[in-house]
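Visitor: Residue-level listing of the chains:
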Amino acid sequence: MDQPARLRLSRHAFTRFWLAHAWAGVLTALLVYVMFFLGSVVLFYRPLTIWEEPLVQRAPVEVTSLDTLLKIAAPENDVFYLYLPTETRPLPKVGYYLPDTTVWRMWWLDAESGQRIPEREKAAAFVYDLHYLWHDLTGFWLQYGAGGLVFGFLLALVTGGLIQWGRFRRQLYRFRPERAASDRRVLWSDLHKVAGVFGLPFQLAYALTGSMMVLSPLLFELSIGPVFGGDVARAAATAGALVEDAPELDLGPPRQPLPLDDLVARARAAEPRLSVESVVYHGYGHAAAMVDVRGPIAGQPFGDGMVHVMAATGHVEGVETPDRESHVGTLARWIHGIHTVEYGGPVVRWLLFVLALGGCATLLTGNWIWLERRAAAGHSRGDVLLARLTAGVGVGCFVALAALFMSSRLLSFALPSRILLEELAMAGTFGACLLAGCLVRRTATLWWGGLGLAGVCLALVPLAASRSSSAGLLGAGPSHPDVLAVDIALLVAGLVLLAVAAALRRQQRREAHGTEVHGTEVHGTEALGTEALGTEVHGTEVHGTEAHGTEAHG
Amino acid sequence: MAEVLAVVLAAAAVGLSYGADGPREVPRWALLRAPGRARAARVLALVLLALAVVLWNRAEPGPAAYLAVPLATLAAGTLLTLGAPLVLRRARKNSARPAAPQHEIEGSPTARALLGRSALVLGVTLGTLPVALLASAAVARFLPVSADARFAAGFALVIPLWQLCMCIALLARRGATVLTVCGMLSLALAALLFGVQP
Numbered sequence: 001m002d003q004p005a006r007l008r009l010s011r012h013a014f015t016r017f018w019l020a021h022a023w024a025g026v027l028t029a030l031l032v033y034v035m036f037f038l039g040s041v042v043l044f045y046r047p048l049t050i051w052e053e054p055l056v057q058r059a060p061v062e063v064t065s066l067d068t069l070l071k072i073a074a075p076e077n078d079v080f081y082l083y084l085p086t087e088t089r090p091l092p093k094v095g096y097y098l099p100d101t102t103v104w105r106m107w108w109l110d111a112e113s114g115q116r117i118p119e120r121e122k123a124a125a126f127v128y129d130l131h132y133l134w135h136d137l138t139g140f141w142l143q144y145g146a147g148g149l150v151f152g153f154l155l156a157l158v159t160g161g162l163i164q165w166g167r168f169r170r171q172l173y174r175f176r177p178e179r180a181a182s183d184r185r186v187l188w189s190d191l192h193k194v195a196g197v198f199g200l201p202f203q204l205a206y207a208l209t210g211s212m213m214v215l216s217p218l219l220f221e222l223s224i225g226p227v228f229g230g231d232v233a234r235a236a237a238t239a240g241a242l243v244e245d246a247p248e249l250d251l252g253p254p255r256q257p258l259p260l261d262d263l264v265a266r267a268r269a270a271e272p273r274l275s276v277e278s279v280v281y282h283g284y285g286h287a288a289a290m291v292d293v294r295g296p297i298a299g300q301p302f303g304d305g306m307v308h309v310m311a312a313t314g315h316v317e318g319v320e321t322p323d324r325e326s327h328v329g330t331l332a333r334w335i336h337g338i339h340t341v342e343y344g345g346p347v348v349r350w351l352l353f354v355l356a357l358g359g360c361a362t363l364l365t366g367n368w369i370w371l372e373r374r375a376a377a378g379h380s381r382g383d384v385l386l387a388r389l390t391a392g393v394g395v396g397c398f399v400a401l402a403a404l405f406m407s408s409r410l411l412s413f414a415l416p417s418r419i420l421l422e423e424l425a426m427a428g429t430f431g432a433c434l435l436a437g438c439l440v441r442r443t444a445t446l447w448w449g450g451l452g453l454a455g456v457c458l459a460l461v462p463l464a465a466s467r468s469s470s471a472g473l474l475g476a477g478p479s480h481p482d483v484l485a486v487d488i489a490l491l492v493a494g495l496v497l498l499a500v501a502a503a504l505r506r507q508q509r510r511e512a513h514g515t516e517v518h519g520t521e522v523h524g525t526e527a528l529g530t531e532a533l534g535t536e537v538h539g540t541e542v543h544g545t546e547a548h549g550t551e552a553h554g
Numbered sequence: 001m002a003e004v005l006a007v008v009l010a011a012a013a014v015g016l017s018y019g020a021d022g023p024r025e026v027p028r029w030a031l032l033r034a035p036g037r038a039r040a041a042r043v044l045a046l047v048l049l050a051l052a053v054v055l056w057n058r059a060e061p062g063p064a065a066y067l068a069v070p071l072a073t074l075a076a077g078t079l080l081t082l083g084a085p086l087v088l089r090r091a092r093k094n095s096a097r098p099a100a101p102q103h104e105i106e107g108s109p110t111a112r113a114l115l116g117r118s119a120l121v122l123g124v125t126l127g128t129l130p131v132a133l134l135a136s137a138a139v140a141r142f143l144p145v146s147a148d149a150r151f152a153a154g155f156a157l158v159i160p161l162w163q164l165c166m167c168i169a170l171l172a173r174r175g176a177t178v179l180t181v182c183g184m185l186s187l188a189l190a191a192l193l194f195g196v197q198p
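The listed protein sequences derive, respectively, from chains A and B.
Take 1 as the starting number for the first sequence in the numbering used here and just add one per residue.
Take 1 as the starting number for the second sequence in the numbering used here and just add one per residue.
Isolated chain A, as found in the complex:
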């Protein structure tokens, strides 16, 4: 353990925060790693949605009547989202939960043919949902689990900040790869601290806003009793901006609403700067139905605005814009605006991409430091499992993502179950990587093998994509900027992964050669910090040293 003498914290406080940092980190690292990794992909959600669906690789269509769209949409639920065409979503679409389920469905709306086209491609949406552990099958409980998990991660961040208090400047630029050969722990520790200290504000902001977003429905429900005395309507009126799906209210008897075009015109009159991008209908066909008209506000670059209109009377109930909104609306706008990057454009998204990958590195190196620290005393079964899971999950994310993109381009659009098959391809590949992590003799081999496989797949995706779209890098037709950008990004990512895989393989061979030449014992620091575990599993005794409270990250 580092000497706490230079710190302002007492020895007791330092030890306790250190333990909390280590345990909270090691318990949450792998799932939070998945969330960070997928989050780095989700940063490019809009271009990906265009890249994956040839139907929308075109200029935005003109919508003359929203009521015509509504007729085509014919939603089965009285709560639904109608998305209007924009530069990043050229076709209108409708989305809603199938009645009495958490199964979300979307349809593209073709105003020219009057057809409702079922969504046939969801790779980007699948990644987006998995980023906060949402799946139609698991519903809210896994999403709330993700929120709880992020609490643990937040504790690791806060306690990590506390134990490094006063030493940030020293950790900021200290990276000593020259010491990696003899002491792998120094490499992991330096990487962990550099990526952790530079990434701390980013990770704190994202963990905080992310947990607020995923837990807001739960916190809202919990607040109805103690804060609003059980008055759901008052709760919804005060805090509705924080929850995407308003609580079920008594929406009154059936009543014919005003035409949607009229309602949107009234919203525009109430807020002329509103550029309407979507309409959310709550309780279609009921006397108390409400329409939320949403979109960016001209001249207000940070965050969207919203106008609430009563569907039956056309009365404007409220306007939520950056300069006229409630305090809850301001809070919601900042939480969403920061987390979903509603500012800065592609430059900021690339910066966040770097920081998200830095976050992934912080999480994995945290686990490796834990393992290295415990190597001298011999690893417990828990450590062996952790090492293998760290390798499996670490590599698995890359390979599974590559498998998803590849299957998305290879499966025919005419295949009715292609969305399910894509999800199975991703989940199956991830599971295979976990299994390989548990079975492989040397985890270093899994790393370079997995990254190499992911690299090959990603580099070949643009080629596969040319089968379904002519607007990409290898397509024959005129290119679409988003499709071209995604193809190039995937090709570059594939080549980078291949280069990293080659470097890791070279390193592993060099180390194996060095071991043979010098006849030295393979010890706990070889090849990505986990090789000793493989040796122990296959040869030597596993010591039971788990749960001895003082082991922790350095």
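Treat the hints as calculated values from the structure; they're not laboratory data.
Computed from a predicted model, the values in this text were never measured in an experiment.
Just so you know, not all the hints are guaranteed correct.
[Said to hold, decoys possible] Short derived list, chain B residues pointing at chain A, Cβ under 7 Å:
hint, residue
1, Tyr18
2, Leu71
3, Thr78
4, Ala140
5, Phe151
6, Ile159
[Unchecked claim] Output of the computed footprint for chain B on chain A, the stretches with three or more beta carbons under 8 Å from beta carbons of chain B:
hint, segment
7, 9-18
8, 154-168
9, 200-213
10, 222-234
11, 319-333
12, 337-347
13, 352-358
Every residue gets a Cβ at the ideal spot worked out from N, C-alpha and C, and that includes glycine.
Starting from the structure of chain A, add chain B where the hints point.
Guide: For chain B alone, kept in the frame of chain A given last:
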């Protein structure tokens, strides 16, 4: 274009700060080793960051510049610190000191100690949760501002308050103390919330 230039300025600021910093207070860059130059480089870095903010703000008014430039600084810092030693190939081989000795391993904990630790973990994680939830609910209900403002305050407080409670609870010597204090606080807050009409 202005955004890209702002990122370049932020990266240059990080580069200057990186060059002015170094082991044992000796700047990494030979150019900055003369007296006063390291400090000048740091001042210049701050000026460049301010310029980056101004530049971004002109391209995109609002809060974006105050978010984007720090992000550029953090990303550039991460890339530079991790990349520079590898790219410049200044790594010295075999200069490493021997690995630090591992800390001592404690003996097997007794059942009583295990129980104490479990109580502490339980108290820190779950004992503090109702305290944070109920205290935030109390803020959302009783803070003497508009209903909207106090709900926003209460909602924003839940997570930071739980983190704060956990950090304070971590300092307790005994798990039973944490559980008792948290239980009493929760009861008092619940009585306030459910027993008092606003």
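Visitor: Work down the list of hints and note, for each, if the structure agrees.
Guide: Hints versus structure:
For B:Tyr18, the shortest C-beta to C-beta distance to chain A is roughly 6 Å, which falls under 7 Å, so the interface hint holds. Among the interface hints, the one on B:Leu71 holds; its C-beta lies about 5 Å from the nearest C-beta in chain A, closer than the 7 Å criterion. Hint on B:Thr78 holds. Least Cβ distance to chain A is approximately 4 Å, under the 7 Å limit. A cut of 7 Å between beta carbons decides the hint on B:Ala140: the least distance to chain A is about 5 Å, and the hint holds.
The criterion of a C-beta within 7 Å of any C-beta in chain A is met by B:Phe151, whose closest approach is roughly 5 Å, and the hint holds. For B:Ile159, the suggested interface contact is upheld, since its CB lies about 6 Å from the closest CB of chain A, less than 7 Å. Counting residues of the segment 9-18 of chain A whose C-beta sits closer than 8 Å to any C-beta of chain B gives 4, which meets the bar of three, so the coverage hint holds. Figure legend: the segment 154-168 of chain A, annotated as covered by chain B; annotation consistent (5 residues with Cβ-Cβ distances under 8 Å, at least 3 required).
Beta-carbon proximity to chain B at under 8 Å applies to 5 residues in the segment 200-213 of chain A; the threshold of 3 is reached and the given coverage holds. Three residues within the 8 Å Cβ limit are the bar, and the segment 222-234 of chain A against chain B gives 4, so the coverage statement holds. Taking a C-beta to C-beta cut-off of 8 Å, the segment 319-333 of chain A contributes 5 residues in contact with chain B, enough for the three needed, and the coverage statement holds. Counting residues of the segment 337-347 of chain A whose CB falls under 8 Å from any CB of chain B gives 5; the rule of at least 3 is met.
Here the segment 352-358 of chain A counts 4 residues with a CB under 8 Å from a CB of chain B, which clears the bar of 3, and the coverage holds.
The structure agrees with every numbered hint stated previously.
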